[in-house]
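Taken in sequence, the protein lines are chains Z and R.
Just so you know, the first sequence maps onto residues 1 to 231 in our numbering.
Just so you know, the second sequence maps onto residues 1 to 231 in our numbering.
Please note: incorrect hints may appear among the correct ones.
Where chains are identical, the list cannot tell them apart; a pair therefore holds if satisfied intra-copy or between any two copies.
Restricting the straight-line Cα-Cα distance to at most 30 angstroms, the calculated cross-link-like pairs of lysine-lysine (DSS-like) are [unchecked claim]:
id, residue 1, residue 2
1, K193, K161
2, K118, K193
3, K161, K106
4, K106, K206
5, K206, K118
6, K161, K206
7, K193, K106
8, K118, K106
9, K71, K161
Bear in mind the hints are in silico, worked out from the structure with no lab data behind them.
Number of protein chains: 2
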Amino acid sequence: MRVSERQTVLVVDDDPSIVELMRDFLENDGFEVATAGEAEEALARFRQLRPQCVLLDIMMPGQNGFDVCRKIRAESDVPVLFLSARGDDVDKIRGLGLGGDDYIVKTASPGEIVARVKAVLRRYQPSRSPAPPMLNYGRLRLDLASRDVFVGDRPVSLTPKEYELLRLLCEHPRQVFTYEQLLDRFWEGVGDKHTVRVHIARLREKIEADPDSPQILTNVWGVGYRLEAEL
Amino acid sequence: MRVSERQTVLVVDDDPSIVELMRDFLENDGFEVATAGEAEEALARFRQLRPQCVLLDIMMPGQNGFDVCRKIRAESDVPVLFLSARGDDVDKIRGLGLGGDDYIVKTASPGEIVARVKAVLRRYQPSRSPAPPMLNYGRLRLDLASRDVFVGDRPVSLTPKEYELLRLLCEHPRQVFTYEQLLDRFWEGVGDKHTVRVHIARLREKIEADPDSPQILTNVWGVGYRLEAEL
DNA sequence: GAGGGTTCTTATGGAATCCGGAACGAACGG
DNA sequence: CCGTTCGTTCCGGATTCCATAAGAACCCTC
Numbered sequence: 001m002r003v004s005e006r007q008t009v010l011v012v013d014d015d016p017s018i019v020e021l022m023r024d025f026l027e028n029d030g031f032e033v034a035t036a037g038e039a040e041e042a043l044a045r046f047r048q049l050r051p052q053c054v055l056l057d058i059m060m061p062g063q064n065g066f067d068v069c070r071k072i073r074a075e076s077d078v079p080v081l082f083l084s085a086r087g088d089d090v091d092k093i094r095g096l097g098l099g100g101d102d103y104i105v106k107t108a109s110p111g112e113i114v115a116r117v118k119a120v121l122r123r124y125q126p127s128r129s130p131a132p133p134m135l136n137y138g139r140l141r142l143d144l145a146s147r148d149v150f151v152g153d154r155p156v157s158l159t160p161k162e163y164e165l166l167r168l169l170c171e172h173p174r175q176v177f178t179y180e181q182l183l184d185r186f187w188e189g190v191g192d193k194h195t196v197r198v199h200i201a202r203l204r205e206k207i208e209a210d211p212d213s214p215q216i217l218t219n220v221w222g223v224g225y226r227l228e229a230e231l
Numbered sequence: 001m002r003v004s005e006r007q008t009v010l011v012v013d014d015d016p017s018i019v020e021l022m023r024d025f026l027e028n029d030g031f032e033v034a035t036a037g038e039a040e041e042a043l044a045r046f047r048q049l050r051p052q053c054v055l056l057d058i059m060m061p062g063q064n065g066f067d068v069c070r071k072i073r074a075e076s077d078v079p080v081l082f083l084s085a086r087g088d089d090v091d092k093i094r095g096l097g098l099g100g101d102d103y104i105v106k107t108a109s110p111g112e113i114v115a116r117v118k119a120v121l122r123r124y125q126p127s128r129s130p131a132p133p134m135l136n137y138g139r140l141r142l143d144l145a146s147r148d149v150f151v152g153d154r155p156v157s158l159t160p161k162e163y164e165l166l167r168l169l170c171e172h173p174r175q176v177f178t179y180e181q182l183l184d185r186f187w188e189g190v191g192d193k194h195t196v197r198v199h200i201a202r203l204r205e206k207i208e209a210d211p212d213s214p215q216i217l218t219n220v221w222g223v224g225y226r227l228e229a230e231l
């Protein structure tokens, strides 16, 4: 059904070596890993990707990890694990009741880190059916709550009809929708094929890398359109 | 008033078997469970017991779950979780503009149901601490206890409707609220878009640096409004 | 309840945005 | 090679948004 069923973990640390270390451990275990080096980037990535879990450095230049955690918490219940250099900070983290779900000492073994992530995911996994309001399809991402749409990491702005159209197609990738079906659904059955075509064209203009040879929204001759699966 | 230390959950469903199922799951996990079979009874029980959490069937004879939710919301901020038979209703609920905090599919596993309840309780009773009743959005700050609102360090005075509106948006940053959702929640479902628009306009007049190009309360064309998150 | 002030709703006009049909050339299939 | 289908551009009409203002409902005080 959906393309990437792999769980995404967002790792945030200003030290690239730590980031890469975590990436190695987690990717080896089959996780999709995204990274950020500072607070703003972290929030941007988070909103783009809606990862299943966040690993967050406490000490960072600019806003610290607590600020970021608070902002993430304002928008989501995603589990957040704090990264700390020493074990001393543990008490602070525990006490702060910031909604952090666990902490990891940076010197922990790969096995322990992965185990912590898995544990926290397991705990939250059951409640995955509130349907993470994120449709994720290759380079295409729709945030159903905020109605934000991203192609790669570039936000695109769609009109209501365009958005609804794209959303339907994203929810049923590779399924062909006939003109009739689309007209039924979005135009109360009245209207002609040309109308659909115009809207598809406008969508392609916005989301295709090369609108002249569409890779995402493809036409099925004489029938209708569908959303291609992406690499 | 001597009350049990255990958390009370009120389960409302017209199907007794569902009610008993939920009761089993929750009592096994140490919750106190109260039940009701229809809307009137639900409200009565609610006022009697003031439970920490409410599980509410959407489809019920007489008033539906949304009505009950609205009435509960009128007197309390208790977390409300909707029960739905199928996953299909998700779209309607997802906006959560109705004051529901989450939803549960009735076929969910015991573990999932309990986890969902705990998650929502944890969110609303942040570890029994005084829980700074303060929503903080960059320059925008809402003191939920005193209903004071500040922009930067300048206090602004809002009318009740303005305050409630702003509060809802602040509690769900970046989430788009449709006119319908807002009318449902603040105008008992009657009224038209113009009403919402005027109130938004007045809010902008008070909290935006430049009301002519809003940075905080933004419009989503043909859909509704949302609160932009800070950088 | 009567007056005065505040808050809420509805109405209006103008600006911005979106929609959908028409037209025409290109692409496709037989 | 011909008929159909597809893609694109363009433009009038419709919808939506916002500001303003005036009428209605509400709340307080006396």
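How the hints compare with the structure:
1. K193 / K161: both (15 angstroms within a copy, 19 angstroms between copies)
2. K118 / K193: neither (37 angstroms within a copy, 46 angstroms between copies)
3. K161 / K106: neither (35 angstroms within a copy, 33 angstroms between copies)
4. K106 / K206: neither (42 angstroms within a copy, 40 angstroms between copies)
5. K206 / K118: Close neither inside one copy (38 angstroms) nor across copies (42 angstroms); limit 30 angstroms.
6. K161 / K206: Classified as within; 13 angstroms inside a copy, 33 angstroms across copies.
7. K193 / K106: Result: close neither inside a copy nor across copies, 34 angstroms intra and 41 angstroms inter.
8. K118 / K106: both (17 angstroms within a copy, 26 angstroms between copies)
9. K71 / K161: Cα proximity of K71 and K161: in one copy and across copies (17 angstroms, 26 angstroms).
In the structure shown, a violation is registered for the earlier hints numbered 2, 3, 4, 5, 7, in ascending order.
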